[in-house]
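Position 321, counted from 1, in the sequence shown is what the UniProt record's numbering calls 321; the numbers after and before it change by one each time, with no gaps.
Some hints here could point you the wrong way.
To be verified - No more than 30 angstroms apart at the CA atoms, straight line, and that leaves these computed lysine-lysine pairs for DSSO-like:
| # | residue 1 | residue 2 |
| --- | --- | --- |
| 1 | 158 | 275 |
| 2 | 158 | 169 |
| 3 | 265 | 275 |
| 4 | 169 | 276 |
| 5 | 265 | 276 |
| 6 | 265 | 158 |
| 7 | 115 | 207 |
| 8 | 207 | 47 |
| 9 | 115 | 47 |
| 10 | 298 | 47 |
| 11 | 207 | 298 |
| 12 | 303 | 115 |
| 13 | 169 | 265 |
| 14 | 158 | 298 |
| 15 | 169 | 275 |
| 16 | 298 | 115 |
| 17 | 47 | 303 |
Stated by the list, open to error - Quick list of simulated restraints, FRET-style, between CB atoms:
| # | residue 1 | residue 2 | range |
| --- | --- | --- | --- |
| 18 | 136 | 11 | 20 to 30 angstroms |
| 19 | 291 | 89 | 28 to 38 angstroms |
| 20 | 47 | 80 | 43 to 53 angstroms |
In short, the hints are calculated from the structure, not lab data. Glycine residues also receive a C-beta, built at the ideal position from the N, C-alpha and C atoms.
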Amino acid sequence: MAPNCSNLSSPTRSLVFASLYSVVFVAGLVLNFLAAWVFFQICSKKKTFMLYLRNMVAADLLMTLTLPVTILTEAGVGPWWLPVLACRCTAVIFYTCMYANILFLGLVALDRYLKIVRPFGGKCGDCLYSYSFTLAMAAMVWVAMIAISLPNAILTNKEPTEGTAHTCKCLKSDLGIGWHGVVVYTNIVIFFTVLITLVTCYVSIFKHILLSSAQFVNGGPAGQRDSKSGHNILVLLVVFFICFVPYHLWRVPFTFSQTHNPYSKEVANILLDGKKATLFLSSCNVCLDPIIYSLMCKSFRGKLAQTLGLKSLIQKTIYSPVSERKQIVMRFKENGSSSSSS
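Hey, can you work out the whole structure from these sequences and the hints?
The structure is reproduced here in structure tokens:
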């Protein structure tokens, strides 16, 4: 069945989305350039956690820089071929960076799980702790996402006209439409795999914090800081759910409508509006990630406070210090030794 190339977008709703994306663009640009500057100011340390966060900043910046084309397209401003640029270039970059960001969130979860819950490592843990392994994983994420996404740009190869320029599926060859479906469903699998990883890792971390606080801190100041750590973990999960879960639940029927075109115009219009709304929620992640950096990275938080001249915040600890976690690990070790000797 030939794809429906009529423009289903409502001018009023498109203008609303253009306005919303403008807010995200300005806020995301300021916050992520600030985050990039802060990370640049932090002395280079071969820490796996920091490397993942820096890659997330890079992905967020690239996502943010694609938004002006989206804004102009939604507002109906600019030349008629501007949506073609979005289909062939900026949308591909946006999705590549979005899923790279999701994968890095999963790697951050694994890194935190190993450092906090499995601090003694073992053969597998020692490998995952190494900076060279982290570099390899970061490179693999980018290579994999580019390899998956690049054919979407190449196979959007039909000659555009003013009547077809605003509908990406009308610019794709038959192979391009098929590949688009494969990419979307692959990305959905990636998302739910990372979601399961996040929930599993952070629930384990939260349980470990409660256990260590009950056994070795007994409700003191360190126990209160551990409680804040659990709250920070909850914040990350809430942000992830709000930004990404609605989009991926909606994406399945929307992609089916693109690749098979089985629905009426009214249903297709509802699916398109829902996809735009949930994709906007996903784009809001570029504004929320810097908050996550502040909650979870003490070095980032301190340097940010120093950069902004907020000296009173430099000494405040939102996430438990590494030294205290080392003390807890040693207490576990001593407790195990005393138990075995008795």
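Okay, the hints, checked on the actual structure:
A C-alpha spacing of about 24 angstroms is found between residue 158 and residue 275, which places the hinted pair at or below 30 angstroms, so the restraint holds. For the hint pairing residue 158 with residue 169, the CA-to-CA distance comes to about 10 angstroms; that is within 30 angstroms, so the pair holds. This hinted pair checks out: residue 265 and residue 275 have alpha carbons roughly 15 angstroms apart, not beyond 30 angstroms. With a C-alpha separation of about 16 angstroms, the suggested pairing of residue 169 with residue 276 holds against the 30 angstroms cut-off.
The suggested pairing of residue 265 with residue 276 holds, with an alpha-carbon distance near 16 angstroms, which does not exceed 30 angstroms. With a C-alpha separation of about 23 angstroms, the suggested pair residue 265 and residue 158 falls inside the 30 angstroms cut-off, and the hint holds. Distance restraint check for residue 115 and residue 207: the Cα-Cα separation of roughly 14 angstroms lies within the 30 angstroms cut-off, and the hinted pair is therefore satisfied. A hinted pair counts as satisfied when its Cα atoms are at most 30 angstroms apart, and residue 207 with residue 47 qualifies at roughly 25 angstroms.
Among the hinted pairs, residue 115 with residue 47 is consistent with the structure: their alpha-carbon atoms are about 12 angstroms apart, no more than 30 angstroms. For a cut-off of 30 angstroms, the pair hint linking residue 298 to residue 47 stands: about 13 angstroms separates their Cα positions. Between residue 207 and residue 298, the direct Cα distance comes to roughly 22 angstroms. Compliance with the 30 angstroms bound is thereby established for this hinted pair. With a C-alpha separation of about 23 angstroms, the suggested pairing of residue 303 with residue 115 holds against the 30 angstroms cut-off.
Distance restraint check for residue 169 and residue 265: the Cα-Cα separation of roughly 15 angstroms lies within the 30 angstroms cut-off, and the hinted pair is therefore satisfied. Our distance criterion of 30 angstroms between C-alpha atoms is broken by residue 158 and residue 298, whose separation comes to about 50 angstroms. The straight-line distance between the Cα atoms of residue 169 and residue 275 is roughly 15 angstroms, inside the 30 angstroms bound, and the hint therefore holds. Proposed proximity of residue 298 and residue 115 is supported: the alpha carbons are some 15 angstroms apart, at most 30 angstroms.
Of the pairs offered as hints, the one joining residue 47 and residue 303 holds, with about 16 angstroms between alpha carbons and a cut-off of 30 angstroms not exceeded. The hinted range of 20 to 30 angstroms is not satisfied by residue 136 and residue 11, whose Cβ atoms lie roughly 48 angstroms apart. For the pair residue 291 and residue 89, the supplied restraint of 28 to 38 angstroms holds, since their beta-carbon distance comes to about 29 angstroms. Look at residue 47 against residue 80: about 49 angstroms separates their beta carbons, and that is inside 43 to 53 angstroms.
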